[in-house]
Amino acid sequence: MSNRVFAKTGFLTRFSFKKDWLKLVIWTVALAGLFTSVAAKFTSLYGTKSSIDTIVSTLKSPAMTALFGKMPSGPYTTADVFASEMTVFMAIMAAIMNFSIVIKNTRSDEDTGILEIIRAHSVGKISNLTATLIEVFIVNISIGLLYSIGLITANLHGTDINGDFLLGIGLGVSGLMFASIAAFLAQLVDNARAASMLSYLVLGIMYIARMSTDVSRPKLTWWVPFGWVELFSIYKDNNWTPVFLMLGLSIILSALAMWINSKRDMGAGIIATRPGRAHASVFLNGTLGLFWRLHRTSIIVWVIGLMVLGFTYGSIFNTIGDLLKTNPTIATILGPDALRSANVRIIKEFAAALMIVFGVLAMIPGIQIINYLKTGESKGYLEMIHAKPVGRIRLFTNNFILALFTTYLALFTSIWGLQLGGVYSMKHPIGLDIFMRGFYGYISPIFIMLGIAVALIGLAPKLANLSYAYVLVALFVGYFGKLIDLPKWVDKITPFGFIPKVPLHTLDPGTFWWQMLIGLVLIIIGYIGYVNRDINGAN
Amino acid sequence: MTKTNEPVLHIDHLQKKFGKFEALKNVSFDVYPGEVFGFIGPNGAGKSTTIRTLLGILRANGGTATIFGQDVFKDSVSIHKRLAYVPGDVYLWPNLTGGEIIDLFLKLGGSMHSQKTDDMIKRFQLDPTKKARTYSKGNRQKVALIAAFSTDADFYIFDEPTSGLDPLNEEYFQKSVLELKKQGKAVLLSSHILSEVEKMCDRIGIIRKGEIVETGTLAEMRHLTRTVIEFKTIDPAPELGSMPGVHNVVTQANGLQTFSVDSDHMTEVMDYLAGKQIVSLQSTPPTLEDLFMRYYNTDENTKGGVKNE
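Those sequence lines, one after another, are chains A and B.
Counting in the working numbering, the final residue of the first sequence is number 542, and the numbers go up one at a time with none missing.
Counting in the working numbering, the final residue of the second sequence is number 315, and the numbers go up one at a time with none missing.
Treat each hint with caution, since some may be false.
Said to hold, decoys possible - Once the Cα atoms are required to be at most 30 Å apart in a straight line, the calculated BS3-like pairs of lysine-lysine come out as:
#1 B:143 / A:11
#2 A:382 / B:31
#3 A:382 / B:128
#4 A:382 / B:215
#5 A:266 / B:136
#6 B:136 / A:128
#7 B:23 / A:465
#8 B:23 / A:22
#9 B:238 / A:465
#10 A:26 / B:26
#11 A:465 / B:128
#12 A:107 / B:128
#13 B:137 / A:128
#14 B:205 / A:382
#15 A:128 / B:143
Derived from the structure by calculation, the hints contain no laboratory data.
Pulled out of the complex, with its shape left as it was, chain A reads as follows (with noise of 0.2 Å):
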């Protein structure tokens, strides 16, 4: 009997394959190449003694321990250096992957009714969601390995084979994780739109838990499923009880996971959808009124998700901006003036470094909603809307609108956040308005990669999601740029790179209008696209 259940497996796993092959392809090679192209630079950034002391002495700081994880004991080798810069940023590269994966192929695939047609024939009730999870397991195990490889070819200072294996192979054993995470969440709500907030949520949740027991109490992120990671011991210990752990809860999640879908009605979840309204309310009174509707609850997420986070690293300002704590005889050179205003500048420091995370991140619902105009159209949603009175220009201004408005609210309540944080924790807190520099600075760069955004829709539609690729590379330039010494160049390959550091600086008004200048030009590109081209129907 139990054998029915799983009737098919290995013919859905091979078809899934089939199926998905590019985007596996495209992640692996991404993930895998930037990976290794790291490591291969690092031997030529932090070769020497002094300059890994250098950055040791930074990424110790509570700052970079909030950003990148806890440091293990020295004495330190460039491979320590690569171990804790990139730990945590590759796992968030593969909840991303996972996530996206697992999420299109068992609920996505349910919403659109494809699993039903899979389902009617000879297949077992859980051999879809058995067959994502191969598929992932075997990606992500592969992806792991070429980690592995990769390090020992590129073989840095200080590394050993069973450290190689650790690494990469816990790297993508941390990915099978997310993956089931996804999966089990995908049982509980009924829809993939749903499933992927929720998903996200629980990220960003393990995110902010594991930066507040590193700064604060380092043993307790023994209790965080995405602390694991950091806790690999690489080069030192090589300790493999992470990844036991990992594989461990990914195991209970998958099965829980299969057990409800086992249970479960198809089109169901545990929580399921409640009935609405008769009519429209007030609001739901044209396309502004839908987008707003549409969008609504994951603008609500995002803008205070972006707050939360804002106000977590604002919370550690009063360990980040005390230079007693690293160096007791600073006081008597500086004097106690001196000594605050040095401290303030390091939080500026800090805060510009964060601006770009601010800014990618309140960028992405901004995309989504530009996006919506390919989707929506793509999904047959707005083909009622292309034959009622409403022009075309009023859908993608009122789009637009809507997506400016999210992206500069959402980035305006992370540096909110970030100042509250501030009051929260520090006894001579930092104003407001130093830390609005930054939301001025950035307003014409995102300016130009949302007009990018629109431009896309309008001319190219089929190639949207670049504008989330793009959006990613800024966040790698402006993140790791500094730390692993990009050529000056690359930092120019996104609008970002040509602003002042701010809040550390003030907005540059030059700058300011000839990128808005630019990010007009993108828009009325992208309107006139849209305005002249086919709309393409769901069939």
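Take the given structure of chain A and dock chain B to it, following the hints.
Relative to chain A, chain B alone:
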């Protein structure tokens, strides 16, 4: 039928290409106020492409199409103020309820939820409080139909609107369309359900591979095809099979004979049979389905056009 007025819809040599593929090669027809125009053709013939072009969603590569005398692409907004549309595949936002979506569609068209809307919700028996993700195909179609029927438009376009409806609701649909017709509205109905078209449509256009191959009333079209006749005569009728326009002469086990005859050769055949002392004679007029099948089968068998066969 009031054909005295200007046409509501006028299409002249409409063409549409997707890359190299010519989806519409030559589409021309008119729809007048107070008439229901049936638009039939097999899958992929270009029905939906034509309709999408009429809605200004797709941009034509050649020819002209006007609704209310205005260009369908350039003046789409002002045309859509007086137009209602129901697509064949209705996709609704899964997290909105049917009631919300109906109201939204009405508001977007500049009208409001009215008594008519409530009547239509009742007529089609829709639960408007349910989220669209829980609706079946038929229920999603009902949402679009209710919104369309409670809109006061002058031109209604239905693209296979009943493909998901049960027979009872199909009946309600037909009833609602006839009400529109009585009010002098123009209706373009694309459908696969030929009995529905036969019952409701004043004129019919048949599209094949992006070209309109025939337009006219059903009566006019019947002239182009054959009537099936079943008869019994006292004297044998051996020459029947060789008469022009006569096909498929079959003698059945019970002694009855059947054959089909081209409509324009009917008189000679009847005269011939009358001379053989008819005992019984029954004629079955060609259905739209016969007509339809003949147009499409000929294409597969490449026997040539219907008329010259």
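A quick look at each hint next to the structure:
With a C-alpha separation of about 29 Å, the suggested pairing of residue 143 (chain B) with residue 11 (chain A) holds against the 30 Å cut-off. A C-alpha spacing of about 27 Å is found between residue 382 (chain A) and residue 31 (chain B), which places the hinted pair at or below 30 Å, so the restraint holds. Distance hint between residue 382 (chain A) and residue 128 (chain B) is fulfilled; the C-alpha atoms sit about 29 Å from each other, no more than 30 Å. This hinted pair checks out: residue 382 (chain A) and residue 215 (chain B) have alpha carbons roughly 26 Å apart, not beyond 30 Å.
Pair hint residue 266 (chain A) plus residue 136 (chain B) holds up; C-alpha atoms about 24 Å apart against a cutoff of 30 Å. Distance check on the hinted pair: residue 136 (chain B) and residue 128 (chain A) sit about 27 Å apart at the alpha-carbon level, within 30 Å; holds. Note on residue 23 (chain B) and residue 465 (chain A): the hinted pairing holds, with a Cα-Cα distance of about 18 Å set against a maximum of 30 Å. A hinted pair counts as satisfied when its Cα atoms are at most 30 Å apart, and residue 23 (chain B) with residue 22 (chain A) qualifies at roughly 29 Å.
For the given pair, residue 238 (chain B) sits about 66 Å from residue 465 (chain A) by alpha-carbon distance, which is inconsistent with the 30 Å threshold. In summary, the hint linking residue 26 (chain A) to residue 26 (chain B) is supported, as the alpha carbons are separated by about 28 Å, within the 30 Å threshold. With a C-alpha separation of about 42 Å, the suggested pairing of residue 465 (chain A) with residue 128 (chain B) is violated against the 30 Å cut-off. The straight-line distance between the Cα atoms of residue 107 (chain A) and residue 128 (chain B) is roughly 38 Å, outside the 30 Å bound, and the hint therefore fails.
Restraint check for residue 137 (chain B) and residue 128 (chain A): the C-alpha separation of about 26 Å stays at or below 30 Å, so the hint holds. Proposed proximity of residue 205 (chain B) and residue 382 (chain A) is contradicted: the alpha carbons are some 33 Å apart, above 30 Å. Simply put, residue 128 (chain A) and residue 143 (chain B) have alpha-carbon atoms about 24 Å apart, close enough for the 30 Å limit, and the pair holds.
In terms of the numbered hints stated before, the structure departs from hints 9, 11, 12 and 14, listed from lowest to highest.
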